[in-house]
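K.L.:
Chains as they are written, first to last, in this note's numbering: chain A, 16 to 378; chain B, 604 to 906.
These aren't lab readings, by the way, just hints derived from the structure by calculation.
In this text the structure is predicted, and so the values were computed from the model without any measurement.
A short, non-exhaustive set of chain A residues, derived as facing chain B with CB atoms under 8 angstroms:
| id | residue |
| --- | --- |
| 1 | W90 |
| 2 | F104 |
| 3 | G116 |
| 4 | R167 |
Backbone N, C-alpha and C fix where the C-beta goes; we use that ideal spot for every residue, glycine too.
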Amino acid sequence: MTEALVRIDGVSKSFGSFQAVKNVSLEIEKGEIFSLLGGSGCGKTTLLRMLAGFEAPTQGRIFIDGVDMAAVPPWERPVHMMFQSYALFPHMTVEKNIGYGLKHEAMSHSDRAARVREMLDLVQLTQFATRKPHQISGGQRQRVALARALARQPKLLLLDEPLAALDKKLREHTQFELMSIQERTGVTFIVVTHDQEEAMTLSDRIAVMDQGVVRQVGRPGAVYEFPNSKFVANFLGSINAFEAKVVAIGAQITVDVPALGQTVQARAVGGLSVGQSVTMALRPEKITIHRTPVEGANVLAGEIKDLAYFGKDSLYRVALPSGALVSVHAVNAARASDDERLADWYDKVWLSFDPASVLLLTD
Amino acid sequence: MIARWFHRRGWSDMVIGLPYVWLLIFFLIPFLIVVGMSFATRTSTAPPFGFGGENPLINLTGYARLFTDTLYIRAFVTSLTNAAGAMVLCLLIGYPMALGLTRVDRGWRNILLMLVILPFWTSFLLRVYAWMGLMGSNSWFNKLLTGAWNWVVPQAWDVANVPLMHSNFAVVLVMVYTYLPFMILPLYANLERLDPTLDEAAMDLGSRPFAVFRDVTLPQSIPGIIAGGMLVFIPAAGELVIPTLVGDSSSPMIGRVISDEFSSARDWPMASAVAVALLILMVGPMMVYSRFEARAQARERSE
Numbered sequence: 016m017t018e019a020l021v022r023i024d025g026v027s028k029s030f031g032s033f034q035a036v037k038n039v040s041l042e043i044e045k046g047e048i049f050s051l052l053g054g055s056g057c058g059k060t061t062l063l064r065m066l067a068g069f070e071a072p073t074q075g076r077i078f079i080d081g082v083d084m085a086a087v088p089p090w091e092r093p094v095h096m097m098f099q100s101y102a103l104f105p106h107m108t109v110e111k112n113i114g115y116g117l118k119h120e121a122m123s124h125s126d127r128a129a130r131v132r133e134m135l136d137l138v139q140l141t142q143f144a145t146r147k148p149h150q151i152s153g154g155q156r157q158r159v160a161l162a163r164a165l166a167r168q169p170k171l172l173l174l175d176e177p178l179a180a181l182d183k184k185l186r187e188h189t190q191f192e193l194m195s196i197q198e199r200t201g202v203t204f205i206v207v208t209h210d211q212e213e214a215m216t217l218s219d220r221i222a223v224m225d226q227g228v229v230r231q232v233g234r235p236g237a238v239y240e241f242p243n244s245k246f247v248a249n250f251l252g253s254i255n256a257f258e259a260k261v262v263a264i265g266a267q268i269t270v271d272v273p274a275l276g277q278t279v280q281a282r283a284v285g286g287l288s289v290g291q292s293v294t295m296a297l298r299p300e301k302i303t304i305h306r307t308p309v310e311g312a313n314v315l316a317g318e319i320k321d322l323a324y325f326g327k328d329s330l331y332r333v334a335l336p337s338g339a340l341v342s343v344h345a346v347n348a349a350r351a352s353d354d355e356r357l358a359d360w361y362d363k364v365w366l367s368f369d370p371a372s373v374l375l376l377t378d
Numbered sequence: 604m605i606a607r608w609f610h611r612r613g614w615s616d617m618v619i620g621l622p623y624v625w626l627l628i629f630f631l632i633p634f635l636i637v638v639g640m641s642f643a644t645r646t647s648t649a650p651p652f653g654f655g656g657e658n659p660l661i662n663l664t665g666y667a668r669l670f671t672d673t674l675y676i677r678a679f680v681t682s683l684t685n686a687a688g689a690m691v692l693c694l695l696i697g698y699p700m701a702l703g704l705t706r707v708d709r710g711w712r713n714i715l716l717m718l719v720i721l722p723f724w725t726s727f728l729l730r731v732y733a734w735m736g737l738m739g740s741n742s743w744f745n746k747l748l749t750g751a752w753n754w755v756v757p758q759a760w761d762v763a764n765v766p767l768m769h770s771n772f773a774v775v776l777v778m779v780y781t782y783l784p785f786m787i788l789p790l791y792a793n794l795e796r797l798d799p800t801l802d803e804a805a806m807d808l809g810s811r812p813f814a815v816f817r818d819v820t821l822p823q824s825i826p827g828i829i830a831g832g833m834l835v836f837i838p839a840a841g842e843l844v845i846p847t848l849v850g851d852s853s854s855p856m857i858g859r860v861i862s863d864e865f866s867s868a869r870d871w872p873m874a875s876a877v878a879v880a881l882l883i884l885m886v887g888p889m890m891v892y893s894r895f896e897a898r899a900q901a902r903e904r905s906e
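Looking at chain A on its own, in the form it has when it is part of the complex (with noise of 0.2 angstroms):
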């Protein structure tokens, strides 16, 4: 196997007694973009700080193309960050601010006025060449401080919440771009972003952390829909969890839910035994409403309790007889006008699911 791009091996970082990164360790491949997701204070900007060269691990070593970064100031490693505030000088042009870096490179004016022509265009702001970062939009600027830190041709781009500073319509255009840029670029990417649905689209795989500790790393469907604990569960997308434990383990895993007041049946998992207790996990868009009663295992009787409808879906919270609350998540697949709707406030409904959806949790 050939040696990834970036190896985070054993990496600690401590502020006086604060740990705010523990032990993690991570190999990136060339060409991915890697998302390292979590909420605010699980580490992931430090992280990608210690990356960049601002911060010093603690403890562990960071190699970058097989070198080990522990000696090198950031003015010489060959990785680049784009600020989350974008962090443009004030004082110069766009074009400077594109060329900035390239003033360290040994080529020719002409060489460097080329490149940052060339960058202007990947941006496509080569008409706003000449004005200042606060003659410019938001959406503009960012896309100065991205051509502004791929100008230099890193190996490695860090993003610090990229897309953070935009509106929701300019974020979901940006996303697409930075996708386009990082394919023609080759560049690595790793991203830091608080929000899953950005780590999502953009990534081939995401870090998932929590207090200073990568909770799991994978594809991002692969994290969503096989999360290895009931945090990972909850961070990206929402899910219901009870409480469970195994009666049964046979073709399919029988779990006996309390809350539910029924046993639920689970597709065989590994490394579990009978009488163990586990989260019982499941999506809300897993789950199917029926208005009449249908037959078969896994089927639960309620009541709608409340319901939010946001146009193209619309979420269900159901009461079960037991008093625990079940989210479902429906797409609105058929045009209907409010009395005609799928399910309405205090409808008795049934909710089934397959025994595949269903996750169990040991974490």
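Here the structure of chain A is known, so what remains is to put chain B in place on it, guided by the hints.
P.N.:
Positioned in the frame of chain A, the structure of chain B alone reads:
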């Protein structure tokens, strides 16, 4: 009637207007009197000037002497070079101090800022007298310097004492000491507002710390440098007390000349002409300063 004046708008107009009224009464009107006086003719009456005689209303003798009498030209040159020297030295000493202040942690920063302002708590005259005591040829400080000099240089160059007092050097030294806080405070206010992530961005893009300073910090601190420079240069150029106490009386500064013309020579029109000329000389740099200030504010608003 009263209610019509004392509504919200009325109050805000009054608060805004008050400084202007103050300036009108205590600056503009006296200044107009001085301008008027500068065109008058010297007489032996009390007050010692009048209009009429050979040159009714406008007498330009005072202004003519400004350009012909080398005393005034030399005084202006001495004032401007001393003030410029003090300004440059204040900048060289004050800039690192202001930058250092922005880099220490909050608790220390307030203590250090207090120390910068602390000298203002004692009388200005007292502090100048203290410098006179230090620099005087019989002081322990001067003896120490003399001893050090005589120890280092060959015997032929030995001196009885180091001539510090009554020189332009002493004037500049004491002015630097006095006006240093006026350089540090506006510079600090400017540097403190700069975004430290810009430094990181420059470093990230390949700049070593000195290049970061040259490319990012220095250009952004120009408004602070100009503000500090003006606050030192303008009062230093018109300084009276320091050159009188520690300066070389054979090459007086302009403040001293104005004072002498008013009091000992009792030539009020001449003194007024010199004062008007000094003000005109100072208005130039002031306009540069206010233009920069306006531009900086306009930029801040548009961000």
